[in-house]
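Sequences and hints are given; from them, build the entire structure.
Here's the letter readout for the chains.
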Amino acid sequence: MLLTPTDLAKYPFTPQAAEHVQKLDLRITELDQAEYGAIVERAEQRIQEAIENGVVSDRTTGYSMQRKNTKDDVEILSFPITVVMVVSISDQSLKRRYALAEAKHAYNLLKREDPHKLTAIAHVFNLHPRQVETHVKNPQTTTSEFLLSFVGYLKNISIFHESKWKLVNRRMQHGEVHVTKDEVARLIGEEVRAYIESKLNLKADLALPQDVVNRIEKLKQRHMSLKKMQEEQMPKETVIEAFPPCIKKLRKTALEKGHLSHIERFTLTSFLLNSGMSVDNVIECFRPTSDFSEKMTRYQVEHIAGGRGGGTKYVPPKCDTLSTHGVCPGGDEICEKAWRPLTYYKRKLAAVKPKTTQQ
Amino acid sequence: MATVDPPLSTEFREFAFLLFKEKTMLRHKGFKDAQDFRKFLQSVLPSDVYYSCAYYENPGAEMSQKGWKGADLVFDIDADHIPTACKQQHDTWTCRNCGASGRGSKPESCAKCGGQKFEEVSWPCDTCLEVAKRETIKLKEVLENDFGFSSHEMKVAFSGHRGYHIHIENESVRTLNSMARKEIVDYMMGKGLDPSLQGFDFERGASPDLEDFGWRGRLAKAAYEIVLSSQLQPETTGKKTSKSLFAQRERILERWDGKGPWIITPSVSKEKWAEIIRQAIERQSIKLDTVVTTDIHRLIRLANTLHGETGLKKTDVLGGEIERFDPFNDAIAFKDGTTTVYVTESPQFRLGEVSYRSYENEKVELPTAAAMLLLCKGAAEIAEEENPVQ
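Heads up: the protein sequence lines correspond to chains B and E, in order. Each number in our numbering comes from the position in the first sequence (counting from 1) with 100 added on. Each number in our numbering comes from the position in the second sequence (counting from 1) with 208 added on.
A few of these clues could be false.
What the hints assert, rightly or not - In silico contact screen, one side only, chain E against chain B (beta carbon under 10 Å); selected entries:
| no. | residue |
| --- | --- |
| 1 | Phe355 |
| 2 | Asn385 |
| 3 | Gly398 |
| 4 | Asp420 |
| 5 | Leu461 |
| 6 | Gly516 |
Claimed, not checked - Keeping only pairs whose Cα atoms sit at most 35 Å apart, straight-line, the calculated DSBU-like set for lysine-lysine is:
| no. | chain 1 | residue 1 | chain 2 | residue 2 |
| --- | --- | --- | --- | --- |
| 7 | E | Lys295 | E | Lys399 |
| 8 | B | Lys448 | E | Lys320 |
| 9 | E | Lys229 | E | Lys295 |
| 10 | E | Lys399 | E | Lys348 |
| 11 | B | Lys195 | B | Lys448 |
| 12 | E | Lys348 | B | Lys395 |
| 13 | B | Lys448 | E | Lys314 |
| 14 | B | Lys217 | B | Lys303 |
| 15 | B | Lys348 | B | Lys217 |
| 16 | E | Lys451 | E | Lys295 |
| 17 | E | Lys229 | B | Lys281 |
| 18 | E | Lys325 | B | Lys418 |
| 19 | B | Lys437 | E | Lys348 |
| 20 | E | Lys346 | B | Lys418 |
| 21 | B | Lys266 | E | Lys363 |
| 22 | E | Lys348 | B | Lys418 |
What the hints assert, rightly or not - Going by beta-carbon spacing under 10 Å, a handful of chain B positions derived as facing chain E:
| no. | residue |
| --- | --- |
| 23 | Ser190 |
| 24 | Lys211 |
| 25 | Pro215 |
| 26 | Lys264 |
| 27 | Leu267 |
| 28 | Arg270 |
| 29 | Arg271 |
| 30 | His274 |
None of these hints come from the bench; they were simulated from the model. Glycine is no exception: its CB is placed at the ideal position from the N, C-alpha and C atoms.
In structure tokens form, the structure reads like this:
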């Protein structure tokens, strides 16, 4: 299927968009020239939106002063420029946040696409969903619009932790899994995130014009100050040095505005609460995460603390459950003797407490 | 005896050998072709031969330098992971810490000292291997119907000890990572299955059809069987449910045949139905050795080589022949001659057409395959010849 210029503007990470960019013969060293003004502006905005909102906005629809093809070109060309800028900021947490913001942007657009276009974009990532007609016998049965090979389906689902994504909870026949249009869009979104993250981790040593360097510096400052603000707000009553590797990693991801899956949030929350941290302080830990909502987080944290619902106070999952779900980053010596993150904490606490307890 | 052929893509596989004399594992061996492999085999004469399910750029290099390219999808069904009553008769364990011992499968921890490490002696028996065969057939069906593999894409083999392997070399599965393989394992075992996502709604009374594909149909079938036979385990569901289920059997089955939702029965509560479905999942769950499938570097025994714990050989089971396959006959490697052994203790066992009684501290002359099994199990020693044959 042929992708229109507007499609390329929506999905600037496709090889077709890259080809289009090549044809336009864009020179990095000339980015300070007036003709590129709108492009550099949009590139800066993409990063800013990622930092502030966690999602890149859609500029392909709606009213604009620009001519349609100019508007599309700005979207297409601003993407590689954004990538160059994020690479030169050289901050892991920003790279992750930007890749996720673009993925969310792509997902928002993809879920509204017609099936043919959705399929065409899926092909870019070697996913080959097949449209099906389903005969709904039972109104409770969710309708599936696509079939996807189980291999393609399994490529990305470990990042999703809702039980509906588990293969065992899917309808599958002859090697194909039933998926909805929205789910195909989610799976492509995850491919987009991984693809952009891999692009951002490539090394590039480019001589950028001063104007662009200044913009980068400004963005970097903003990102760093938000990051620092979050770090300062971290509660101090728990002994962080005694955290097991998994919790250390989760906390770092939260602080660096990363994305935490459901099980990761649950693990971190229940661990922090059990280590003696107050509900308010736990909520603060999640403030930097990409999809933070205070109301929602408070509800969840209070629930895990036992303040809502049945009053059950939860503990973090066992080590082997964490390992099954890919949360365990690999343990150290203490991990070998502990089977729960809290057991680890208690053991290590006994060793470090006399020196480093913080009040 | 069948020749020992290396696996497909020999040049990308890692090989490992357990050496008779040194009892050590020789790992990280790579061979450029079958000839190279056989030459090595003749020079070292190992007790056990393994190869990697993985493909590597440099199979002979150390682990971090190998360059993983992909791995076959492998399943292992082992009687060790399936509860059978006969284990009480033929399996024993000894606590490594305090020396306490017992019969059957090892406990989670030693009742005497709390130790968690045990020496185990397990015997392959007809019952255990039949149960393993049933699981293998179930697995094969799911791989065919749900996962879409054709029969010729699946290599089924008797492991040489207490179970079966299914090996899939299809290129499409090679790059699946460990997490993806874990999802496949969970699918086979029904782990994490949420009935509400497989067509059940206990509130409104929706339930899947017997003809549905995948887990839906399998759950419907298992629940149907439970209702039909009223084989509900009363200890988990209560006698009352079993009774009312039995009393209403006709009505439930009628609804079923009329394609109506079958999980509405006045005196069987939705909680009880949920319990019935839980038991249906358990019935349809395939008992796998999970780590074999999720380990993308796994070493597997090579077909037509001996299993060091039995003296039987790992034997390929061709397409439709699994029903007829008899591991205690078809996997015998040593078919001729007899050997005299001194047996300390052994349970009853069968090899070929012969059933052997249990032995205790006695000297017996046995067909070589039977003697070999006892020797491999550490239950016997070669007896000194009193009257050596001239």
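*Under 10 Å, Cβ to Cβ, is where B:His274 needs to be relative to chain E, so tell me if that hint holds or is violated.*
holds (4 Å)
*Below or equal to 35 Å on CA atoms is what counts here, so check E:Lys346 against B:Lys418.*
Distance ~31 Å between E:Lys346 and B:Lys418 Cα, so the pair holds.
*Are B:Arg271 and chain E close enough, Cβ to Cβ, to be under 10 Å, as the hint says?*
holds (6 Å)
*Does E:Gly516 pass the interface hint, meaning its C-beta sits closer than 10 Å to a C-beta of chain B?*
E:Gly516 check fails; min Cβ-Cβ to chain B is 29 Å, beyond 10 Å.
*Do the alpha carbons of E:Lys348 and B:Lys395 lie within 35 Å of each other, as the hint requires?*
Given that 35 Å is the threshold and the Cα spacing comes to 49 Å, the pair is violated.
*Would you check the hint for B:Lys437 and E:Lys348, treating anything up to 35 Å between C-alpha atoms as holding?*
Status violated; Cα separation ~38 Å.
*Straight-line alpha-carbon gap B:Lys217 to B:Lys303, limit 35 Å*: holds (33 Å)
_Just to be careful, I want the Cα atoms of B:Lys266 and E:Lys363 compared with a cutoff of 35 Å; is the pair within it?_
Holds. B:Lys266 to E:Lys363 sits at ~27 Å (cutoff 35 Å).
*Tell me if B:Arg270 is really an interface residue toward chain E, meaning its C-beta lies closer than 10 Å to one of theirs.*
The hint holds - B:Arg270 has a Cβ within 10 Å of chain E, the shortest such distance being about 8 Å.
_Hint B:Lys264 vs chain E: min CB-CB distance below 10 Å?_
holds (6 Å)
*Using Cβ atoms only, decide whether B:Pro215 comes closer than 10 Å to chain E, and label the hint accordingly.*
Not OK, violated: B:Pro215 not within 10 Å of chain E, min 23 Å.
_Checking one constraint from the list: CA of B:Lys448 to CA of E:Lys314, max 35 Å. Satisfied?_
holds (32 Å)
The structure is inconsistent with the numbered hints 5, 6, 12, 15, 17, 19, 23, 24 and 25, although it conforms to all the rest.
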